[in-house]
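Modelling step: build the complete structure from the supplied sequences, incorporating the hints.
From first to last, the protein sequence lines stand for chains A and B. 1 is the number of the first residue of the first sequence in the working numbering; add one for each residue after it. 1 is the number of the first residue of the second sequence in the working numbering; add one for each residue after it.
A couple of the hints might just be wrong.
[Unchecked claim] List of simulated lysine-lysine pairs, DSS-like, C-alpha gap at most 25 Å:
| hint | chain 1 | residue 1 | chain 2 | residue 2 |
| --- | --- | --- | --- | --- |
| 1 | B | Lys136 | B | Lys52 |
| 2 | B | Lys226 | B | Lys136 |
| 3 | A | Lys50 | B | Lys135 |
| 4 | A | Lys249 | A | Lys220 |
| 5 | B | Lys165 | B | Lys220 |
| 6 | B | Lys165 | A | Lys50 |
| 7 | A | Lys234 | B | Lys226 |
| 8 | B | Lys196 | B | Lys15 |
| 9 | B | Lys262 | B | Lys25 |
The set of hints was computed from the structure by calculation and includes no laboratory data.
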Amino acid sequence: MSNMPFEIGKKAATRDAYGKALLELGRLHPEVVALDADLSGSTRSEYFAKEFPDRFFDCGIAEANMAGISAGLASCGKIPFMSSFAMFTSGRNYEQIRNSIAYPALNVKIGASHAGITVGEDGATHQCLEDISLMRTLPNMKVICPSDAAEAYKAVIAAYEIEGPVYLRLSRFSTVIAHDDSYEFRLGKGEVLKDGGDLTIVATGLPVPASLEAANELEKEGIHARVINMPSIKPIDKELLIKAALETKRIVTIEEHWITGGLGSAVLEAISEDAPVWVKRLGIPDVFGESGPAAELLTKFGLDKEGIKKSVKDFMNS
Amino acid sequence: MENIELQRIANKIRKGIIISTFHAKSGHPGGSLSATEIFTYLFFEEMKVDPKNPHDPDRDRFVLSKGHCAPGYYAALALKGFFPFSDLEQLRHTDFYLQGHPDMKMVPGVDMSSGSLGQGVSAAVGMALAGRLDKKDYRVYALLGDGEIEEGQVWEAAMFAGARKLDNLTLIIDNNNLQIDGAIGDVCSPYPIDKKFEAFNFHTINIDGNDYDEIRAAMKEARETKGMPTVIIAKTIKGLGVSFMENEVGWHGKATNEEEYKIAMDELEKAGEALE
Numbered sequence: 001m002s003n004m005p006f007e008i009g010k011k012a013a014t015r016d017a018y019g020k021a022l023l024e025l026g027r028l029h030p031e032v033v034a035l036d037a038d039l040s041g042s043t044r045s046e047y048f049a050k051e052f053p054d055r056f057f058d059c060g061i062a063e064a065n066m067a068g069i070s071a072g073l074a075s076c077g078k079i080p081f082m083s084s085f086a087m088f089t090s091g092r093n094y095e096q097i098r099n100s101i102a103y104p105a106l107n108v109k110i111g112a113s114h115a116g117i118t119v120g121e122d123g124a125t126h127q128c129l130e131d132i133s134l135m136r137t138l139p140n141m142k143v144i145c146p147s148d149a150a151e152a153y154k155a156v157i158a159a160y161e162i163e164g165p166v167y168l169r170l171s172r173f174s175t176v177i178a179h180d181d182s183y184e185f186r187l188g189k190g191e192v193l194k195d196g197g198d199l200t201i202v203a204t205g206l207p208v209p210a211s212l213e214a215a216n217e218l219e220k221e222g223i224h225a226r227v228i229n230m231p232s233i234k235p236i237d238k239e240l241l242i243k244a245a246l247e248t249k250r251i252v253t254i255e256e257h258w259i260t261g262g263l264g265s266a267v268l269e270a271i272s273e274d275a276p277v278w279v280k281r282l283g284i285p286d287v288f289g290e291s292g293p294a295a296e297l298l299t300k301f302g303l304d305k306e307g308i309k310k311s312v313k314d315f316m317n318s
Numbered sequence: 001m002e003n004i005e006l007q008r009i010a011n012k013i014r015k016g017i018i019i020s021t022f023h024a025k026s027g028h029p030g031g032s033l034s035a036t037e038i039f040t041y042l043f044f045e046e047m048k049v050d051p052k053n054p055h056d057p058d059r060d061r062f063v064l065s066k067g068h069c070a071p072g073y074y075a076a077l078a079l080k081g082f083f084p085f086s087d088l089e090q091l092r093h094t095d096f097y098l099q100g101h102p103d104m105k106m107v108p109g110v111d112m113s114s115g116s117l118g119q120g121v122s123a124a125v126g127m128a129l130a131g132r133l134d135k136k137d138y139r140v141y142a143l144l145g146d147g148e149i150e151e152g153q154v155w156e157a158a159m160f161a162g163a164r165k166l167d168n169l170t171l172i173i174d175n176n177n178l179q180i181d182g183a184i185g186d187v188c189s190p191y192p193i194d195k196k197f198e199a200f201n202f203h204t205i206n207i208d209g210n211d212y213d214e215i216r217a218a219m220k221e222a223r224e225t226k227g228m229p230t231v232i233i234a235k236t237i238k239g240l241g242v243s244f245m246e247n248e249v250g251w252h253g254k255a256t257n258e259e260e261y262k263i264a265m266d267e268l269e270k271a272g273e274a275l276e
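Here is the structure:
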């Protein structure tokens, strides 16, 4: 399929890709329906709503009900994509997702935009830093966190083909697109962006490009870092991680999420029995987020290029 | 079906409730017994369901939103032919398919997994929405507890169903007036129930939920009501059919011991004989 609306080198947010891909899926598959909880403009489900008003259901500000309605629709053969902010459709309705969607393994896709601290100015109440943790703990749930709009587009299209519940972690913040139409998203597979033997950087989502930039600059300083993009957090690419652990002995994980329960924890779980090595987890420490422009917050929490470089150097010297 | 035939089925369902919870040494007989007439009427008179074709896309749907009353639900499904009645003796047993709360993946005839209160009703709304979208004429029924409607999600679902005018949806409230901590009016009163649903744009019907004539008339009225969903507020007696359980909150979630089991089964046996 080559309807990719995102061009390498241009800027877009992963939520934009979600909206475009959902619209494309709506055109291709009559059983795809969309639900939102009064945020269709922000989640971009409005693209679908405008073209398919009869297959779009705005539930109002009632995320728990939206999850249950999605379950009911899925039980009747529909493929619902329900959208809201990550905070409200992983946190607010966690138990509805658990008991009404994940337990019966219903074919519901959750489009969770505005994840992480890059929601920015809205501050801590809206900065969901635990959704990877909450969702990946659920049996039957798949968790995907794309790193740019092109990858997100491919991942959303792929989510349609995955039987059962899928959680798609999406961002509001626009970033430079690093993938092109030839990229193939594969559930359970990581993508090696750069080879290296001194350590492995495993990143997911929005900080992936900064991780690669940091690694490229460190190369000139004599640190040869392998860089892995890990959009599929559950299932995770255990094979690729074990290989990296055995070959490079050190791992740094990078995510726009609390360092408990997220990618870092998933990596530790993946390697601990077969290839236990020294792992440094970068992300948001055990504190709530705060208001500020997204780029400044990434800098503050050390998730921009300079912050990552510094942390990696410290780790290599420790 | 004549009322007397429905009464005979209900008597068997009541036995199934006592048998299954006794063998499980746990479970919820009180609310299963209060809803027995509703289970009976739905599965043996009202709904188009076929145990030979449990996934028929045109079937009517049922969601037991008060999922803890699985013993009554399972007994009705067993008598309808979805699985052997004798399987009820293994309710809640390890490695057996009859889970403590309804499980759509494991139990034949169950349309939605439920048990966490307040959630089933939203799923029923989704099913009604799918039916409308597919231009199918199946109906969706959800049975809720009167304590359950203290959950906020019930009102999110009701607001949506009312706003969307889902007239293929019938909610039934099993108003047995008791929840775990006591009388619902004392714990955190949801009364007046009918006026609340009316305000959420539902057609409301108040009935005696243990009386087949009233259930029959209400179901007909619900089917014939267009442009809005219907809620049937069914006044019932918790524990009905077993003398020592009637209106006793202590029997919400407790199984009989050997002695109690014999008394309960003896009472039900006699009640059954009186119907022959």
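Pairwise hint evaluation, Lys220(A) against Lys249(A), where the allowed Cα distance is 25 Å at most: With Cα atoms ~21 Å apart, Lys249(A) and Lys220(A) stay inside 25 Å; holds.
Are the Cα atoms of Lys234(A) and Lys226(B) separated by 25 Å or less? violated (46 Å)
Measure nothing beyond the straight line between the CA atoms of Lys50(A) and Lys135(B); if it is 25 Å or shorter, mark the hint as holding. The hint holds at about 21 Å.
Hey, Lys262(B) versus Lys25(B), does the alpha-carbon distance stay inside 25 Å? holds (14 Å)
Are the Cα atoms of Lys226(B) and Lys136(B) separated by 25 Å or less? Given that 25 Å is the threshold and the Cα spacing comes to 15 Å, the pair holds.
Need the status of pair Lys136(B), Lys52(B): alpha-carbon distance at most 25 Å? Roughly 20 Å separates the two Cα atoms, so the pair holds.
For the pair we were handed, Lys165(B) and Lys50(A), check the Cα-Cα distance against 25 Å. This hinted pair holds, its Cα atoms lying about 22 Å apart.
Given the hinted pair Lys165(B) and Lys220(B), is their Cα-Cα distance within 25 Å? holds (18 Å)
Given the hinted pair Lys196(B) and Lys15(B), is their Cα-Cα distance within 25 Å? Not OK: Lys196(B) and Lys15(B) at ~35 Å, beyond 25 Å, violated.
Consistency note: the structure conflicts with the earlier hints numbered 7, 8.
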